[in-house]
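Chemist: Sequence:
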Amino acid sequence: MTFDRPLGSVIQGSLSEGLEVRLHPDVSVEDMRVGKFLVVQGTRARFFCLLTDVSLGTASQRISANPPQPEDDFLQSVLMGGGTYGTIELSPMLMLSLKDENAARDAIQNLENNGNNGGKLASFQANTSVDLDLLPVKTIPSHFSQVYEAQDRDFRSVFGWEDDPQRNNFAIGKPLDMEVPVCLDLDRFVERSNGVFGKSGTGKSFLTRLLLSGVIRKNAAVNLIFDMHSEYGWEAQCEGKNINTVKGLRQLFPGKVEMYTLDPESTTERGIKGAQELLLSYDQIEVEDISLVQRELNLSEASIENAIILRNEFGRTWISQLLAMDNEEIQEFCEVRRGNKSSIMALQRKLLRLDELKYIRNTCPQNYVKQIIESLENGKHVVIEFGSQSNMLSYMLATNVITRRIHRHYVKRSEKFLRTKNVVDKPQQLVITIEEAHRFLDTASVRSTIFGTIAREMRKYFVTLLVVDQRPSGIDNEVMSQVGTRITALLNDDKDIEAIFTGVSGGQNLRSVLSKLDSKQQALVLGHAVPMPVVVRTRPYDEEFYREIGDLDVESMETEEVLEAAETAKSDLGF
Numbered sequence: 003m004t005f006d007r008p009l010g011s012v013i014q015g016s017l018s019e020g021l022e023v024r025l026h027p028d029v030s031v032e033d034m035r036v037g038k039f040l041v042v043q044g045t046r047a048r049f050f051c052l053l054t055d056v057s058l059g060t061a062s063q064r065i066s067a068n069p070p071q072p073e074d075d076f077l078q079s080v081l082m083g084g085g086t087y088g089t090i091e092l093s094p095m096l097m098l099s100l101k102d103e104n105a106a107r108d109a110i111q112n113l114e115n116n117g118n119n120g121g122k123l124a125s126f127q128a129n130t131s132v133d134l135d136l137l138p139v140k141t142i143p144s145h146f147s148q149v150y151e152a153q154d155r156d157f158r159s160v161f162g163w164e165d166d167p168q169r170n171n172f173a174i175g176k177p178l179d180m181e182v183p184v185c186l187d188l189d190r191f192v193e194r195s196n197g198v199f200g201k202s203g204t205g206k207s208f209l210t211r212l213l214l215s216g217v218i219r220k221n222a223a224v225n226l227i228f229d230m231h232s233e234y235g236w237e238a239q240c241e242g243k244n245i246n247t248v249k250g251l252r253q254l255f256p257g258k259v260e261m262y263t264l265d266p267e268s269t270t271e272r273g274i275k276g277a278q279e280l281l282l283s284y285d286q287i288e289v290e291d292i293s294l295v296q297r298e299l300n301l302s303e304a305s306i307e308n309a310i311i312l313r314n315e316f317g318r319t320w321i322s323q324l325l326a327m328d329n330e331e332i333q334e335f336c337e338v339r340r341g342n343k344s345s346i347m348a349l350q351r352k353l354l355r356l357d358e359l360k361y362i363r364n365t366c367p368q369n370y371v372k373q374i375i376e377s378l379e380n381g382k383h384v385v386i387e388f389g390s391q392s393n394m395l396s397y398m399l400a401t402n403v404i405t406r407r408i409h410r411h412y413v414k415r416s417e418k419f420l421r422t423k424n425v426v427d428k429p430q431q432l433v434i435t436i437e438e439a440h441r442f443l444d445t446a447s448v449r450s451t452i453f454g455t456i457a458r459e460m461r462k463y464f465v466t467l468l469v470v471d472q473r474p475s476g477i478d479n480e481v482m483s484q485v486g487t488r489i490t491a492l493l494n495d496d497k498d499i500e501a502i503f504t505g506v507s508g509g510q511n512l513r514s515v516l517s518k519l520d521s522k523q524q525a526l527v528l529g530h531a532v533p534m535p536v537v538v539r540t541r542p543y544d545e546e547f548y549r550e551i552g553d554l555d556v557e558s559m560e561t562e563e564v565l566e567a568a569e570t571a572k573s574d575l576g577f
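Going from the sequence shown to our numbering is simple: count from 1 and add 2.
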């Protein structure tokens, strides 16, 4: 393995605290950025590391007490590298045995010596970098091991490449100072719940669009997206002062994405074509759904307890029956069923707020949730847009009601598959995207919401979550520990930063990396879908991305465009 000039030497460190590296005199400390990917060449192994801190040092306290004058360039140059120097802190993440790498190099050399310079050699060289056995770090390099800039080959060794035929990779971005792609393994990504985090204005919705586009393009799973702010299905405005818009998933993949709307009027005004109306009825709302929005409806615990009494008496029609009762009927019911009249009357009064929701009906003309399930089973990706119905009461109620029934269906399908072992019965992996995730997954609500159940089950029933939130500290610690891959833009709050590293080994060393990210188009990626944590410049969501991801796919062209292309082809052929 050939390297460029070394950057510095390891002078001390530990497995738990990381490595301290003294930079060589010809290396500027200003070129060292937190989050940089570096390689340490040990005696028996090569270590892939993340730069976590940068500092300045002096060989003598006298220099600090009596520094040279600003205009004294000569003395400054004399002290540089000897009396004064820069140091960096590295956190080793992975290691590669040099024995394995040397064996791979020898195999390539044998192919070259035998005169095989054709496809076999090219294929072997291309795949060798990812076939090497990357190991978790259980030791550290020795004193004075040299540190080098990572090369393209190093990134391919660790993160692979997007067109790897052996893996379902998707490029999410590039390293801070290189032009090589950093890839997620989408098969590993969708098999566990994941999170996109970052404070407001850091581009969470753009990151989420990137991830969803990759999952759709690579057929890694089907998606159910609860689009609270109308950002994912159809075009949305760019963040900041820019008035331009970006394409939504249905525009990129019209043949693969279906849209449902809880507010048809708003959807029509935005010029969205083909969106289907979605209605819910009172008999689809369970006590658990009401319990989730207890805070939004300002309900007491006594009201929830009496709701259970009503449900036990009337079954699925308990809300309709309650809303139709007068005072005398409520009094009679309480005498017979030992309910509390004041609590039931308060429950009745506050449930009347549900009549304000445009998508709630006493009865529905058809089962829309069943229709969504059929779409998902047919490999379609579903975006549910809320329009003007995006207040927290509406959003939390609809998402919980719909997800509860879909999860119930997946449990039945999964149990059938486990019983029959027939691949035909295996459910297709489903990823459910929710925003404002802390409202569903906080410590107080996590036991009463279906999303808490899904997060704790991991991949047991082939359903996982993609949670999008700016307050990860609001999510229950047990749930955060189950989040497989975390893609995190800038966070400033210490509690939020601490929450990101819940259940992550060596998280303390990464705190400074996360807090030093730029506010735009940078993210720390760590967890199940990547071999090691890495800071990336996120892939632009622009015209070039559209062409790479969706627009060049014939299946993703609008019907009119397909017909036009067919007519042009016929004309060219003389038909």
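I should point out that these hints are in silico values taken from the structure, not numbers from a laboratory.
Built from N, CA and C at the ideal position, the CB exists for glycine as well.
There could be a bad hint or two in this list.
With a straight-line Cα cutoff of 27 Å, these simulated DSS-like cross-link-like pairs (lysine-lysine) come out [said to hold, decoys possible]:
id: 1; residue 1: K462; residue 2: K382
id: 2; residue 1: K428; residue 2: K220
id: 3; residue 1: K258; residue 2: K220
id: 4; residue 1: K275; residue 2: K220
id: 5; residue 1: K352; residue 2: K258
id: 6; residue 1: K462; residue 2: K220
Derived CB-CB ranges, DEER-like [unchecked claim]:
id: 7; residue 1: S57; residue 2: E500; range: 17 to 25 Å
id: 8; residue 1: D495; residue 2: K382; range: 50 to 58 Å
id: 9; residue 1: S517; residue 2: H145; range: 55 to 63 Å
id: 10; residue 1: V338; residue 2: Q239; range: 16 to 24 Å
id: 11; residue 1: K423; residue 2: H231; range: 12 to 20 Å
id: 12; residue 1: H530; residue 2: L395; range: 45 to 53 Å
id: 13; residue 1: N364; residue 2: G509; range: 44 to 52 Å
Chemist: Evaluate each hint against the coordinates.
Modeler: Consistency of the hints with the structure:
For the given pair, K462 sits about 22 Å from K382 by alpha-carbon distance, which is consistent with the 27 Å threshold. For the hint pairing K428 with K220, the CA-to-CA distance comes to about 19 Å; that is within 27 Å, so the pair holds. The hinted pair formed by K258 and K220 meets the criterion: a straight-line CA distance of about 12 Å does not exceed 27 Å. Only pairs whose Cα atoms come within 27 Å are accepted, and K275 paired with K220 is accepted, the gap being roughly 25 Å.
For the hint linking K352 to K258, the alpha-carbon distance of about 40 Å lies beyond 27 Å, and the restraint is violated. With a C-alpha separation of about 22 Å, the suggested pair K462 and K220 falls inside the 27 Å cut-off, and the hint holds. Distance hint for S57 and E500: a CB-CB separation of about 23 Å, consistent with the stated range 17 to 25 Å. About 38 Å separates the C-beta atoms of D495 and K382, a value inconsistent with the hinted range of 50 to 58 Å.
Separated by about 30 Å at the C-beta atoms, S517 and H145 break the suggested range of 55 to 63 Å. The hint said 16 to 24 Å for the Cβ distance between V338 and Q239, and at roughly 56 Å that hint is violated. Between K423 and H231 the beta carbons are some 43 Å apart, a value that contradicts the proposed interval 12 to 20 Å. In this structure, H530 and L395 break the distance hint of 45 to 53 Å, their C-beta atoms being roughly 34 Å apart.
Between N364 and G509 the beta carbon distance is about 51 Å. The supplied range of 44 to 52 Å therefore holds.
Checked against the numbered hints above, the structure violates hints 5, 8, 9, 10, 11, 12; every other hint is satisfied.
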